[in-house]
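Protein chains in written order, with our numbering: chain A, 2 to 329; chain B, 2 to 329; chain C, 2 to 329.
Treat the hints with care, as some may be off.
Just so you know, same-sequence chains aren't split out, so a pair can sit in one copy or run between any two.
To be verified - Straight-line distance between alpha carbons at most 25 Å, and here's what the computed SDA-like set of lysine to any residue pairs gives:
#1 147 with 187
#2 203 with 182
#3 147 with 32
#4 203 with 76
#5 115 with 186
These are calculated hints, taken from the structure and not from any lab test.
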Amino acid sequence: MTMKKNHEADPGPCKTDARSCSDYRNRLSPIIDKIIATCHDTRCHTAADDGQLPSREAVINILHRLRDVLFPGYFNSEKIDPVNLGFHVGRALSDVFDTLAEQIRRSIRHDCFKYDLPCTDCAQRGYEYALALLEAVPELQNLLEKDVLATLDGDPAARSTDEIIFSYPGIFAVTVYRIANRLWRMDVPILPRMMSEYVHGKTGIDIHPGATIGERFVIDHGTGVVIGETAVIGNNVRIYQGVTIGALSVPAGRITEIRGKKRHPTIEDDVIIYSGATILGGDTVIGARCVIGGNVWITSSVPADTSVMLESPRLIYRKQPGDESEEP
Amino acid sequence: MTMKKNHEADPGPCKTDARSCSDYRNRLSPIIDKIIATCHDTRCHTAADDGQLPSREAVINILHRLRDVLFPGYFNSEKIDPVNLGFHVGRALSDVFDTLAEQIRRSIRHDCFKYDLPCTDCAQRGYEYALALLEAVPELQNLLEKDVLATLDGDPAARSTDEIIFSYPGIFAVTVYRIANRLWRMDVPILPRMMSEYVHGKTGIDIHPGATIGERFVIDHGTGVVIGETAVIGNNVRIYQGVTIGALSVPAGRITEIRGKKRHPTIEDDVIIYSGATILGGDTVIGARCVIGGNVWITSSVPADTSVMLESPRLIYRKQPGDESEEP
Amino acid sequence: MTMKKNHEADPGPCKTDARSCSDYRNRLSPIIDKIIATCHDTRCHTAADDGQLPSREAVINILHRLRDVLFPGYFNSEKIDPVNLGFHVGRALSDVFDTLAEQIRRSIRHDCFKYDLPCTDCAQRGYEYALALLEAVPELQNLLEKDVLATLDGDPAARSTDEIIFSYPGIFAVTVYRIANRLWRMDVPILPRMMSEYVHGKTGIDIHPGATIGERFVIDHGTGVVIGETAVIGNNVRIYQGVTIGALSVPAGRITEIRGKKRHPTIEDDVIIYSGATILGGDTVIGARCVIGGNVWITSSVPADTSVMLESPRLIYRKQPGDESEEP
Chain A
2 MTMKKNHEAD PGPCKTDARS CSDYRNRLSP IIDKIIATCH DTRCHTAADD
52 GQLPSREAVI NILHRLRDVL FPGYFNSEKI DPVNLGFHVG RALSDVFDTL
102 AEQIRRSIRH DCFKYDLPCT DCAQRGYEYA LALLEAVPEL QNLLEKDVLA
152 TLDGDPAARS TDEIIFSYPG IFAVTVYRIA NRLWRMDVPI LPRMMSEYVH
202 GKTGIDIHPG ATIGERFVID HGTGVVIGET AVIGNNVRIY QGVTIGALSV
252 PAGRITEIRG KKRHPTIEDD VIIYSGATIL GGDTVIGARC VIGGNVWITS
302 SVPADTSVML ESPRLIYRKQ PGDESEEP
Chain B
2 MTMKKNHEAD PGPCKTDARS CSDYRNRLSP IIDKIIATCH DTRCHTAADD
52 GQLPSREAVI NILHRLRDVL FPGYFNSEKI DPVNLGFHVG RALSDVFDTL
102 AEQIRRSIRH DCFKYDLPCT DCAQRGYEYA LALLEAVPEL QNLLEKDVLA
152 TLDGDPAARS TDEIIFSYPG IFAVTVYRIA NRLWRMDVPI LPRMMSEYVH
202 GKTGIDIHPG ATIGERFVID HGTGVVIGET AVIGNNVRIY QGVTIGALSV
252 PAGRITEIRG KKRHPTIEDD VIIYSGATIL GGDTVIGARC VIGGNVWITS
302 SVPADTSVML ESPRLIYRKQ PGDESEEP
Chain C
2 MTMKKNHEAD PGPCKTDARS CSDYRNRLSP IIDKIIATCH DTRCHTAADD
52 GQLPSREAVI NILHRLRDVL FPGYFNSEKI DPVNLGFHVG RALSDVFDTL
102 AEQIRRSIRH DCFKYDLPCT DCAQRGYEYA LALLEAVPEL QNLLEKDVLA
152 TLDGDPAARS TDEIIFSYPG IFAVTVYRIA NRLWRMDVPI LPRMMSEYVH
202 GKTGIDIHPG ATIGERFVID HGTGVVIGET AVIGNNVRIY QGVTIGALSV
252 PAGRITEIRG KKRHPTIEDD VIIYSGATIL GGDTVIGARC VIGGNVWITS
302 SVPADTSVML ESPRLIYRKQ PGDESEEP
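Extracted from the complex, chain A is given alone in its bound form (with noise of 0.2 Å):
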């Protein structure tokens, strides 16, 4: 290997060349000075106003201790055992406990602060809302052992339930979406919309916390689907990559009377969703039994025990083969 011409030595960062450093550094100042006047100006530092927001470090710690706790030996890096289990739950619980209080906290007295409301029990609703959700974690792994039992048997892909709660990305966002949508029914602003949009960025699903959900519920794959916050989906539906589960989009006149009500589909009991297929609308309803085929675009109720799919694709049999440019 040879040097290459035409370059100087490096010249590195600014110490070597003290004299144009502290001129760039001079420069700085003015700019610096103005953001912060701004920043002073505007709403930007609303947040700053307000009490402090959940941090998102807390949120995730909780998450993740959480589903520690639902499927113990799991996620942790210690060894468990029959003898350590309890001590290793425990503790998991008990820490969970303390920060997920305080993180309610914060976002209950944010909203107090942003709305203007009286805020006289924050600390006390945030120890009741954490104690409730801690109450609530026998039945949440019973419905998510019946969630990775529904993946097992409908795919031949998968070896072990280990596998499942290992690897998938299904079962870890349903996993949130359970928490997130106790926490939700609750009424705790801010932290559940944290809790769907971090696990949101680790598998590319996207479940509102607001959505209902019934048992036995399987994503596969899971990439790109979007499941919106007055979605209604019964037991035993399957659902893979790229399933949108959504609402028509609205005027801006109209946002403010359509807040709250029903805008997204319902889903009866047993039915598949290929990759793919969005379903839009609240009066959308998709009959029992349905199986809706990849890609379709559906806004209007599909009765029970139907298929619904794309007409096949046209074929074009090309002259030049390697032409491919021309056509699609």
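Got chain A; can you put chains B and C on it based on the hints?
Below, chains B and C without anything else, positioned relative to chain A:
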């Protein structure tokens, strides 16, 4: 900025209100006891019972150090030059060997416990398979170089191979696939799937480690791509984001007979598959030099040299511009 | 719980079996030597040869600190109040300046080595471009505020701007795009693409830094969105998950002539594009106020005020409910 009304001073976390805080702690104890009791009653601690599972952190570390070796100088923080390159690569490989052998041992041992098989040579097999993977590094480098060059050849937005290696998620996903596939072919359990799900989370690209993929394979953009366990993909194939090469769903009662059979399509050489196309079924063969248009849904074979595409969509000229809520 | 049969005690890692362990080490050495030799033989250490590449960690740090400045108080762990806000922002900007200047310098210098160009002012250009980016911060804040408000205006599930800033992946992706696009327009190599691929991995939203995007741009949900290098998007455009604004594939032989030409569509003002729609080609113009339905595939222009949608899918009423394996 003025302090808002109606707000008590922030009481802060529990310390400031000692009595109610200990009340909550007292209520927490029986909840924790109940959760621990549940854990001993059910199979929820399967994992705790079955030897130590592979560590997710170790698996991530293996993948990143291997990537650093496969593309030296791109991903490490220290400066690499011709003098220290050998030491750097040697050190990385030596570390990867130890970690990988241990994680393979854990994977095999976990399976032995799970299915109550004898496990007399788990450690030795860990070392043998780790050695075999490292022996394959030059071949993997050769394959990945071809993948990088094929990406450059077909992407006008790519400025250089550096940019592709450094920032293209498709190359990261294919790198992990080629590593995980080697381990899969040695029948290492759990670990290959952990690898593929790690990179799935990072890139949105879900390639099952059991898939068979030829040379010069390109995934552009990639989010939402799914390639199933028994898919067979030839040389010089290019696929775009949202493409599924998947299986048809099967009734729960027939899962066992189908496990291990070919359930995913064959894609022959020189095929291009545009974004959002879904191709399903173990008997489906997409012939050489086909161009599959975006968003199509294919469940049967397509002969060589064919273009497949959707009919042109319907156009509706609206009477009242702005009234977009009525239509789609 | 009982100990299972047929199992030796866990031999643990290599330490417990010293002889076979050193055997494996002895077999490892020639493998490592061979890999190192390969590295010197081929171009596999291109990166090692070309000056130090930008650091991924530094790029991530820049983006997160800039986001903290653009939305003060949302993403930092310490409490921000009106008194410390100025210090906080000042410190962040000063740190960003140093890191950014150094990473720009590395990017430019790497390119100089790569193409054997003279590189006499890499450090100075690093400082100049970093200053220029910071000077643009107030304008970026102004643009991003409009993006946040447009998101709120069109999304009934959004409770507040806080929630949007805090947890919407679309806003994070657009924030990074607006930063990366500034650097792109200064012709900074490598760095802008590293930024866009970082946020692509985090959100599943892939916006090329070269794209031109107007005000009040909204991406809802976002997983799978792809916006190409030469796309031009007007004001007040809203797109959903899985939307591609991309290029037609080109035969490998014509890549060079096409590089840099407009290859991606133009989307005019006030357009809505539903999930999964794919719009391709440099001559394709989607006219103002169009509504593009989900999952359509468009490769030619659409006049203003038009709705485009798929035909209704075919419905099949099944004779034997439960026999879903036959059809889709």
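Point to revise | Structure versus earlier hints - violations, ascending order | key: none
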